[in-house]
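Going down the list, the sequences are from chains A and B.
Everything in the first sequence is counted per the numbering used here, starting at 1 for the first residue and increasing by one.
Everything in the second sequence is counted per the numbering used here, starting at 1 for the first residue and increasing by one.
Among the hints, a few may not be true.
Unchecked claim - Per label pair, the in silico range of CB-to-CB distance: (1) B:Gly-24 x A:Arg-101: 18 to 28 Å; (2) A:Ala-38 x B:Ala-143: 40 to 50 Å; (3) B:Thr-98 x A:Arg-82: 37 to 47 Å; (4) A:Asp-55 x B:Leu-63: 12 to 22 Å; (5) A:Arg-70 x B:Gly-61: 34 to 44 Å; (6) A:Ala-38 x B:Asp-193: 42 to 52 Å; (7) A:Glu-91 x B:Arg-147: 40 to 50 Å; (8) B:Gly-100 x A:His-54: 27 to 37 Å; (9) A:Gly-83 x B:Gly-119: 13 to 23 Å; (10) A:Glu-89 x B:Lys-9: 22 to 32 Å; (11) A:His-54 x B:Asp-156: 22 to 32 Å.
Said to hold, decoys possible - Every beta carbon over 10 Å from chain B, so not counted as near; a handful from chain A, in silico: (12) Asp-36; (13) Asp-59; (14) Glu-89.
If you're looking for bench data, these hints aren't it; they were derived computationally from the structure.
Idealized CB from N, CA, C, for every residue including glycine.
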Amino acid sequence: MQKNTAQRGLAGLFLAGVAVAQDATPLEPAVKVEADGAVIDTVAGIGHAGPLLHDLDGDGKPELLVSDFRGGIRRFVDEGERGTPRWVEKEPLSAAGKPIRIHNW
Amino acid sequence: MPFVLRGSKDGFGLPEELRDRDGGRMHAGRFYDTDANKHTSGAGPGFRAYSWVPFDHDGDGDLDLLVGTDHGGIYLCVNEGTAKEPRFATALTELHDTEGDLLAVPGGYQMPFPADWDGDGRTDLVCGSQQGSVYWFRNTGEAGAPRFEPPRVLVDKKAARGLGARTQVSVADYDGDGDLDLLVGDNHMGIKDGKADFHGFVWLFRRAGSPQPQAAQKER
Numbered sequence: 001m002q003k004n005t006a007q008r009g010l011a012g013l014f015l016a017g018v019a020v021a022q023d024a025t026p027l028e029p030a031v032k033v034e035a036d037g038a039v040i041d042t043v044a045g046i047g048h049a050g051p052l053l054h055d056l057d058g059d060g061k062p063e064l065l066v067s068d069f070r071g072g073i074r075r076f077v078d079e080g081e082r083g084t085p086r087w088v089e090k091e092p093l094s095a096a097g098k099p100i101r102i103h104n105w
Numbered sequence: 001m002p003f004v005l006r007g008s009k010d011g012f013g014l015p016e017e018l019r020d021r022d023g024g025r026m027h028a029g030r031f032y033d034t035d036a037n038k039h040t041s042g043a044g045p046g047f048r049a050y051s052w053v054p055f056d057h058d059g060d061g062d063l064d065l066l067v068g069t070d071h072g073g074i075y076l077c078v079n080e081g082t083a084k085e086p087r088f089a090t091a092l093t094e095l096h097d098t099e100g101d102l103l104a105v106p107g108g109y110q111m112p113f114p115a116d117w118d119g120d121g122r123t124d125l126v127c128g129s130q131q132g133s134v135y136w137f138r139n140t141g142e143a144g145a146p147r148f149e150p151p152r153v154l155v156d157k158k159a160a161r162g163l164g165a166r167t168q169v170s171v172a173d174y175d176g177d178g179d180l181d182l183l184v185g186d187n188h189m190g191i192k193d194g195k196a197d198f199h200g201f202v203w204l205f206r207r208a209g210s211p212q213p214q215a216a217q218k219e220r
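Next comes chain A alone, as it looks inside the complex (with noise of 0.2 Å):
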């Protein structure tokens, strides 16, 4: 039976001192993605990191595209061997020659 969207609202909140399902899939450890030898930090973005990984250029390597709250979206190219990518950055995304600025909130 559905509910009224203001209850479900609150319900929401209220989820999250209710146990969730843990899935089994087995991970491991994080680790932090580097660039250049240095950690991706979007601090010069105010923080609130976005990935994704996608072949811009259809060269069979993914790219790997990292926004920001200023709504700027870096760019990283994998300069590693098969496997284990290594990340070198390049201009950000850019359209009409300009970088990219979503606004997004």
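Chain A is already provided as a structure; the job is to place chain B on it using the hints.
Frame of chain A, contents of chain B only:
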């Protein structure tokens, strides 16, 4: 609000704001009016939309939009047109999991990422959250009629040392070994020299059992 940057052989075009079938603004309640240059509240589920994700929900060959919000859930904006001439609905549709609850992660801040996480041929949703944990909505439906189960924890914030809040997820085969890994962006907010200090990192969670990369990087 959703934007599209159309690609061509010359690169991307300037951002274009998507409008609904009647030319109206697309939002989930509160949005930034780029004409008036101010935040504005409009009719909607009452929450701010944080992501608009292309996804063919009804299996009709064109892209609908999944809308992730902050305090609400994940909603659907139906494309009532075609792939070449999209016409988006003027109102968002609530989505519910298989238990009948609003499709949502605990604590909100959902930006869903469609991916077949368990390799069963159905597109699931993987989603970060406000407090940082990453969740998986397993799809047990059919093409054109997805049925998402309640969220399961893929990454427990409490167990992932150093992982921040407001996580955004990308699912891809990071190391080319044939299975899907998780890339998780986060946010850290503190005070430095009396000012707000923000950082955002990208974390790699490789699926266990995969061969270790030669240039493995240790968590710092």
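Which numbered hints fail: 6
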